[in-house]
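Going down the list, the sequences are from chains S and G. Note that our numbering has the first sequence beginning at 2, numbered continuously upward. Note that our numbering has the second sequence beginning at 2, numbered continuously upward.
A few of these clues could be false.
One copy or two, it doesn't matter: identical chains are merged, so the pair holds either way.
Derived SDA-like pairs: lysine to any residue, alpha-carbon spacing no greater than 25 Å straight-line [stated by the list, open to error]:
| id | residue 1 | residue 2 |
| --- | --- | --- |
| 1 | K11 | R155 |
| 2 | K34 | V154 |
| 3 | K123 | T137 |
| 4 | K123 | Y27 |
| 5 | K221 | P58 |
| 6 | K34 | E93 |
| 7 | K123 | S188 |
FYI, nobody ran anything at the bench for these hints, they're computed from the structure.
Number of protein chains: 2
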Amino acid sequence: MISFSSRWVKVCFGAITFGAVSELVYFTYRKYKRRKWQTNQNESESRKVTEEVLFFPDDRVACKDYFVGEDGCNNNDCRFTHFPNSLSRLYEFINGAKGRLDVCVFVICCIDLADLLIAAHKRHVLVRVISDGEQTEITGSQIWNLRKAGIAVRTNKSSFLMHHKFVVIDDQLLLNGSFNWTRQAISGNQENLMALGNKRIVSLYTNEFERLWNAFDPQKNG
Amino acid sequence: MISFSSRWVKVCFGAITFGAVSELVYFTYRKYKRRKWQTNQNESESRKVTEEVLFFPDDRVACKDYFVGEDGCNNNDCRFTHFPNSLSRLYEFINGAKGRLDVCVFVICCIDLADLLIAAHKRHVLVRVISDGEQTEITGSQIWNLRKAGIAVRTNKSSFLMHHKFVVIDDQLLLNGSFNWTRQAISGNQENLMALGNKRIVSLYTNEFERLWNAFDPQKNG
Numbered sequence: 002m003i004s005f006s007s008r009w010v011k012v013c014f015g016a017i018t019f020g021a022v023s024e025l026v027y028f029t030y031r032k033y034k035r036r037k038w039q040t041n042q043n044e045s046e047s048r049k050v051t052e053e054v055l056f057f058p059d060d061r062v063a064c065k066d067y068f069v070g071e072d073g074c075n076n077n078d079c080r081f082t083h084f085p086n087s088l089s090r091l092y093e094f095i096n097g098a099k100g101r102l103d104v105c106v107f108v109i110c111c112i113d114l115a116d117l118l119i120a121a122h123k124r125h126v127l128v129r130v131i132s133d134g135e136q137t138e139i140t141g142s143q144i145w146n147l148r149k150a151g152i153a154v155r156t157n158k159s160s161f162l163m164h165h166k167f168v169v170i171d172d173q174l175l176l177n178g179s180f181n182w183t184r185q186a187i188s189g190n191q192e193n194l195m196a197l198g199n200k201r202i203v204s205l206y207t208n209e210f211e212r213l214w215n216a217f218d219p220q221k222n223g
Numbered sequence: 002m003i004s005f006s007s008r009w010v011k012v013c014f015g016a017i018t019f020g021a022v023s024e025l026v027y028f029t030y031r032k033y034k035r036r037k038w039q040t041n042q043n044e045s046e047s048r049k050v051t052e053e054v055l056f057f058p059d060d061r062v063a064c065k066d067y068f069v070g071e072d073g074c075n076n077n078d079c080r081f082t083h084f085p086n087s088l089s090r091l092y093e094f095i096n097g098a099k100g101r102l103d104v105c106v107f108v109i110c111c112i113d114l115a116d117l118l119i120a121a122h123k124r125h126v127l128v129r130v131i132s133d134g135e136q137t138e139i140t141g142s143q144i145w146n147l148r149k150a151g152i153a154v155r156t157n158k159s160s161f162l163m164h165h166k167f168v169v170i171d172d173q174l175l176l177n178g179s180f181n182w183t184r185q186a187i188s189g190n191q192e193n194l195m196a197l198g199n200k201r202i203v204s205l206y207t208n209e210f211e212r213l214w215n216a217f218d219p220q221k222n223g
């Protein structure tokens, strides 16, 4: 029988204890680090980057009241669709603006989308619109309604087109593609609109918006 | 003086040795893991996802021969610019196609860009073009030149617009924005074109291209 008092048993026991304690300390430290990492991970999950693509045409025009109206749609004979589609998603994006809406779109004729800008303006979102000068004159243009509601609109004076079709929402989300704000684009044409939350890309468009906003300042350019 | 033969010195010595050896083993393992991680990291760096935005107009039109011509530009009086700009970057993207070029653009009038498609077709890249039916009839349209060179072109027959302006290169890179392939878009209009390598987004546009390619098949639709 091995005696517990043997010198080598004590040596081994000491070595194992030391090893075990040092591992215990190390794993406690790792566990703490991992928990911290998981917290960061959850935080970044909660602000997950938007990355969506909307294709048009929609089969039917989405009901604005149903998707983003304060009281929903109360019309029993509503001729618009209550099924989610590309336009309803666009309503939600625009209606989600908290502080700032920079709209830089060639043609704005769609009354429902213009109404969402006016609604945002009324709830104190800073709405700024850049559009093409000649397109403000066409039948159905909503630019005059936007101006009448107090929204600042700037346009180019040159014969070349202000042909962008992008929107930056709260400096955080970019909508961009081929999509002009017309009824034909919604329910007739082949169109696309990307919704991207990529910070670096959004900032490039924010800068472009500021550049054009200054370039089209009527006080600078008469 | 402490005797080296003391039992407790031996216990401590054994413990420290055991601890040191176990740490050494652990750190060697970590180093190996880290090296493996760095190798993976370098690999993913090398296939870094493209994320660029090109804004137009350019001050001057970029010289196609200088940027992507086989022999560069040999014209001493070249009236095009040799400084990199948005158009020169677009030349590079299109010229970089190895196997497949899916072009879905409303208007194609720019001869230089059409020539790049023909050059890609000649080097056995599968080039497919979707464009707007009515726009193929306008003065300066390059659709007939593309067809004459043997490139497959499909167009919509409806009165609504095929208004997309996107290109998918090698199923890996998406070009998308407001930019039509016209001289006015290059050197006059306010336009944008994003270049995105994001796999998920690229695949959505590849699917859309296939959907339209089938929808506009003349054999199906007369």
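Hints, one by one, checked against the model:
no.	hint	in the structure
1	K11 with R155	neither (86 Å within a copy, 86 Å between copies)
2	K34 with V154	neither (51 Å within a copy, 57 Å between copies)
3	K123 with T137	within (22 Å within a copy, 45 Å between copies)
4	K123 with Y27	neither (57 Å within a copy, 63 Å between copies)
5	K221 with P58	between (40 Å within a copy, 21 Å between copies)
6	K34 with E93	neither (39 Å within a copy, 45 Å between copies)
7	K123 with S188	neither (28 Å within a copy, 38 Å between copies)
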